[in-house]
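*Asks:* Each chain, written out:
Protein chains: 2
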Amino acid sequence: MTKSSAPCNQHFVLASRPQGEVKPTDFNLVDRPMPQPGKGEVLVETTYLAVEPAMRGWMEDRESYVPPVKIGELMRGQGTGVVIESDNPALPVGTAVSGMIGWRRYLVSDGRNTPLQKLPEATVPATALNVLGLTGLTAWFGMLDVGVPKKDDTVLVSGAAGATGSVAGQLARIAGARVIGIAGGKDKCAWLTQELGFDAAIDYKSEDTAGRVAALCPGGIDVYFDNVGGEILDIALDNLAMHARIALCGGISRYNESGPLPGPVNYFNLIYKRSRMEGFLVMDYAKRFPEAITGLVQYLESGELRHRETVFDGFEQMPDALINLFRGGNIGKQLVAVKP
Amino acid sequence: MTKSSAPCNQHFVLASRPQGEVKPTDFNLVDRPMPQPGKGEVLVETTYLAVEPAMRGWMEDRESYVPPVKIGELMRGQGTGVVIESDNPALPVGTAVSGMIGWRRYLVSDGRNTPLQKLPEATVPATALNVLGLTGLTAWFGMLDVGVPKKDDTVLVSGAAGATGSVAGQLARIAGARVIGIAGGKDKCAWLTQELGFDAAIDYKSEDTAGRVAALCPGGIDVYFDNVGGEILDIALDNLAMHARIALCGGISRYNESGPLPGPVNYFNLIYKRSRMEGFLVMDYAKRFPEAITGLVQYLESGELRHRETVFDGFEQMPDALINLFRGGNIGKQLVAVKP
Numbered sequence: 001m002t003k004s005s006a007p008c009n010q011h012f013v014l015a016s017r018p019q020g021e022v023k024p025t026d027f028n029l030v031d032r033p034m035p036q037p038g039k040g041e042v043l044v045e046t047t048y049l050a051v052e053p054a055m056r057g058w059m060e061d062r063e064s065y066v067p068p069v070k071i072g073e074l075m076r077g078q079g080t081g082v083v084i085e086s087d088n089p090a091l092p093v094g095t096a097v098s099g100m101i102g103w104r105r106y107l108v109s110d111g112r113n114t115p116l117q118k119l120p121e122a123t124v125p126a127t128a129l130n131v132l133g134l135t136g137l138t139a140w141f142g143m144l145d146v147g148v149p150k151k152d153d154t155v156l157v158s159g160a161a162g163a164t165g166s167v168a169g170q171l172a173r174i175a176g177a178r179v180i181g182i183a184g185g186k187d188k189c190a191w192l193t194q195e196l197g198f199d200a201a202i203d204y205k206s207e208d209t210a211g212r213v214a215a216l217c218p219g220g221i222d223v224y225f226d227n228v229g230g231e232i233l234d235i236a237l238d239n240l241a242m243h244a245r246i247a248l249c250g251g252i253s254r255y256n257e258s259g260p261l262p263g264p265v266n267y268f269n270l271i272y273k274r275s276r277m278e279g280f281l282v283m284d285y286a287k288r289f290p291e292a293i294t295g296l297v298q299y300l301e302s303g304e305l306r307h308r309e310t311v312f313d314g315f316e317q318m319p320d321a322l323i324n325l326f327r328g329g330n331i332g333k334q335l336v337a338v339k340p
Numbered sequence: 001m002t003k004s005s006a007p008c009n010q011h012f013v014l015a016s017r018p019q020g021e022v023k024p025t026d027f028n029l030v031d032r033p034m035p036q037p038g039k040g041e042v043l044v045e046t047t048y049l050a051v052e053p054a055m056r057g058w059m060e061d062r063e064s065y066v067p068p069v070k071i072g073e074l075m076r077g078q079g080t081g082v083v084i085e086s087d088n089p090a091l092p093v094g095t096a097v098s099g100m101i102g103w104r105r106y107l108v109s110d111g112r113n114t115p116l117q118k119l120p121e122a123t124v125p126a127t128a129l130n131v132l133g134l135t136g137l138t139a140w141f142g143m144l145d146v147g148v149p150k151k152d153d154t155v156l157v158s159g160a161a162g163a164t165g166s167v168a169g170q171l172a173r174i175a176g177a178r179v180i181g182i183a184g185g186k187d188k189c190a191w192l193t194q195e196l197g198f199d200a201a202i203d204y205k206s207e208d209t210a211g212r213v214a215a216l217c218p219g220g221i222d223v224y225f226d227n228v229g230g231e232i233l234d235i236a237l238d239n240l241a242m243h244a245r246i247a248l249c250g251g252i253s254r255y256n257e258s259g260p261l262p263g264p265v266n267y268f269n270l271i272y273k274r275s276r277m278e279g280f281l282v283m284d285y286a287k288r289f290p291e292a293i294t295g296l297v298q299y300l301e302s303g304e305l306r307h308r309e310t311v312f313d314g315f316e317q318m319p320d321a322l323i324n325l326f327r328g329g330n331i332g333k334q335l336v337a338v339k340p
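If you read the sequences in order, they're chains A and B. The UniProt record's numbering puts the first sequence at residues 1 to 340. The UniProt record's numbering puts the second sequence at residues 1 to 340.
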């Protein structure tokens with residue numbers, strides 16, 4: 001490959017800190033020189049990129065569990081790719097990899113400076129970024145280690161038709177719990193009950209969520225897996241069973257809001273119901289990823305665990321994919337196929 | 001004892017549901033017939049009665065972990081007494097007892113319908129209602145089982161000069177933690193640091209609490225034992241260390257407020273700091289009370305654990321004692337000596 005025939009190496013960089021909803025103009029699409037792999041390095045061509053609710057936080061100028069993305073800097077994100085040039089025998093040409101590639105078409109890595117994981121032959125990129133990626137791992141540890149559903153427990157999941165929520169709910173079902181999902185729209189709710197084996201689904205856009213939660217959980221909620229925060233967290237707190245566990249995974253209802261947001265009004269019910277509310281981050285469980293992957297692969301192979309992806313075609317759709325996620329347009333994992 | 005010479009058996013009954021602060025007129029002092037012990041029963045003369053923040057909740061018409069006290073009904077409360085008539089060989093005349101006596105001068109019990117615990121010879125009533133009563137047990141299980149302080153942890157306690165907070169903080173100190181107490185007033189703060197061995201104390205009435213917490217906890221708070229809720233809970237959430245534990249014991253700042261109160265604005269920090277917030281109630285640990293009492297007695301005897309009582313003289317002072325508690329007038333346990 002000569003320089004003159006080199007494909008364009010586009011990056012999306014952060015153009016501005018979002019105010020309210022993410023807008024396309026919060027990103028700039030820029031051309032960068034095609035990177036040249038040096039000694040021990042590989043050139044990776046991106047195949048799929050994932051978007052996640054957490055990205056909204058990374059775009060803000062606020063220290064959280066990772067540093068913010070700087071203005072003008074490559075947008076951070078998970079992706080898959082394939083090695084197209086290699087000076088690294090551990091990663092020969094044709095190797096499929098995943099990692100924190102960022103929103104770019106190509107990258108050079110020695111496999112460690114930007115850590116790349118080799119994907120098993122049988123793994124398709126969509127699966128690697130969804131149920132066998134950080135998404136599935138988040139559901140695994142959040143539900144099983146923090147939520148700890150037991151047989152016949154009543155488990156409530158918000159954002160249940162999203163990538164993490166859908167896996168979390170199914171893991172609770174596999175553990176023997178009765179699982180109720182909250183999602184926005186009839187299609188999502190139908191997917192939960194008809195394909196994923198949820199016992200019930202609540203369409204928060206058209207139903208009285210508080211009334212339906214109370215009616216569906218007459219004995220209270222034993223585990224609440226929270227992806228949304230806000231009003232639905234308050235409803236969950238209002239309907240706790242004794243010794244309930246709330247696994248705080250995210251709060252997508254909050255991410256596009258600015259200024260101080262109200263906290264959970266009913267938190268005091270944690271005392272009356274001797275319950276706990278606990279936050280977690282999947283990277284804390286890195287040492288235990290192999291055990292979770294083994295379990296997830298087993299459930300995938302047995303057909304007990306299903307997944308779905310909403311795929312936009314074309315690298316230039318990255319901002320729209322993220323916006324779609326915040327508008328709830330996705331069912332399952334929102335991805336972009338970089339080269340349609 | 002004949003009826004004509006019988007002492008007056010006064011009761012305090014609930015006169016009205018409190019609006020805002022508890023007022024003396026929320027109670028009625030009424031004369032009730034002197035109870036006569038029947039077969040297998042004892043007559044107990046009350047010696048001390050305790051008041052607790054939780055009483056504010058019991059006075060409201062709202063189901064929580066115990067039913068509300070009804071209007072016109074005897075006010076619920078812990079106390080100690082002495083058996084003055086007995087037809088029960090297990091509880092001979094002169095036996096000192098404790099239990100949920102209620103705000104009354106005399107009661108009749110067979111020892112089970114109103115459960116009475118015999119006090120060991122060496123136990124003074126004040127201790128039985130404080131560090132060796134439900135107060136000390138609340139501190140024990142809340143701090144050691146929910147907070148779980150480890151050596152060199154930084155532990156923050158609010159309401160630290162109150163009965164539960166002062167014991168909880170000392171138990172954390174005994175566990176090897178660095179302990180910071182928040183209390184209202186210089187006298188309380190001096191008691192914490194000069195007598196109870198707290199490493200530091202913050203006077204929330206005269207100091208910038210947020211600034212002082214941040215300065216005293218540069219590595220963050222590992223355990224926060226919350227007796228107050230409100231703004232101080234938010235400050236604690238804003239200063240969590242990684243994997244912190246918040247033990248929710250109470251929320252005295254909330255009890256005199258009406259209508260929906262703001263929840264903890266910074267609850268989302270539980271995710272960033274992979275932390276948990278957990279409510280508990282001491283009665284859930286009833287089976288383990290003996291182990292806690294053994295531990296508390298041992299620390300009392302070694303002098304590692306100290307306690308203090310604020311005692312009002314005279315049964316008629318019960319409402320004022322409760323009001324004093326909510327105004328922060330007490331150091332340690334607020335009691336009333338029924339017969340001064």
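These are calculated hints, taken from the structure and not from any lab test. Incorrect hints may appear among the rest.
Stated by the list, open to error - With a straight-line cut-off of 30 Å between C-alpha atoms, the simulated DSSO-like cross-links for lysine-lysine are:
1. A:K151 with B:K287
2. B:K39 with B:K150
3. A:K151 with A:K339
4. B:K287 with A:K150
5. A:K151 with B:K151
6. B:K287 with A:K287
7. A:K151 with A:K118
What the hints assert, rightly or not - Sample of chain A residues at the chain B side, in silico, Cβ under 7 Å:
8. L270
9. Y272
10. M277
11. L281
12. Y285
Stated by the list, open to error - A partial selection of chain B residues facing chain A, derived with a Cβ cut-off under 8 Å:
13. G102
14. V265
15. Y267
16. Y272
17. R274
18. D284
19. Y285
Ideal placement from N, C-alpha and C gives every residue a C-beta, glycine not left out.
*Asks:* Each hint: holds or not?
*Replies:* Consistency of the hints with the structure:
1. Proposed proximity of K151 of chain A and K287 of chain B is supported: the alpha carbons are some 25 Å apart, at most 30 Å.
2. Between K39 of chain B and K150 of chain B the CA atoms are separated by roughly 52 Å; this puts the pair beyond 30 Å, and the hint is violated.
3. For the suggested pair K151 of chain A and K339 of chain A, the alpha carbons sit about 44 Å apart, so the restraint of at most 30 Å is broken.
4. This hinted pair checks out: K287 of chain B and K150 of chain A have alpha carbons roughly 24 Å apart, not beyond 30 Å.
5. A C-alpha spacing of about 37 Å is found between K151 of chain A and K151 of chain B, which places the hinted pair above 30 Å, so the restraint is violated.
6. Taking the CA atoms of K287 of chain B and K287 of chain A, the gap is near 37 Å; set against the 30 Å cutoff, the hint is violated.
7. Distance check on the hinted pair: K151 of chain A and K118 of chain A sit about 36 Å apart at the alpha-carbon level, beyond 30 Å; violated.
8. The closest approach between the C-beta of L270 of chain A and any C-beta of chain B is roughly 4 Å, which is under the 7 Å cut-off, so the hint is satisfied.
9. For Y272 of chain A, the shortest C-beta to C-beta distance to chain B is roughly 5 Å, which falls under 7 Å, so the interface hint holds.
10. Annotation: interface hint on M277 of chain A holds; nearest CB of chain B at approximately 5 Å, less than 7 Å.
11. Because the beta carbon of L281 of chain A sits about 6 Å from the nearest beta carbon in chain B, less than 7 Å, this interface hint is met.
12. Interface hint at Y285 of chain A: violated, since its Cβ lies 10 Å from the closest Cβ of chain B, which is beyond the 7 Å cut-off.
13. A least Cβ separation of about 22 Å between G102 of chain B and chain A goes past the 8 Å threshold, and the interface hint is therefore violated.
14. Against a cut-off of 8 Å between C-beta atoms, the interface hint on V265 of chain B holds, since the closest Cβ of chain A lies about 5 Å away.
15. Taking 8 Å as the C-beta cut-off, the interface hint given for Y267 of chain B holds, the closest approach to chain A being about 5 Å.
16. Hint on Y272 of chain B holds. Least Cβ distance to chain A is approximately 5 Å, under the 8 Å limit.
17. Look at R274 of chain B: its Cβ gets to within about 6 Å of chain A, closer than 8 Å, so that hint holds up.
18. The closest approach between the C-beta of D284 of chain B and any C-beta of chain A is roughly 6 Å, which is under the 8 Å cut-off, so the hint is satisfied.
19. With its C-beta approaching chain A no nearer than about 10 Å, Y285 of chain B sits outside the 8 Å limit, and its interface hint is violated.
Of the hints listed earlier, those the structure fails to meet are numbers 2, 3, 5, 6, 7, 12, 13, 19, in rising order.
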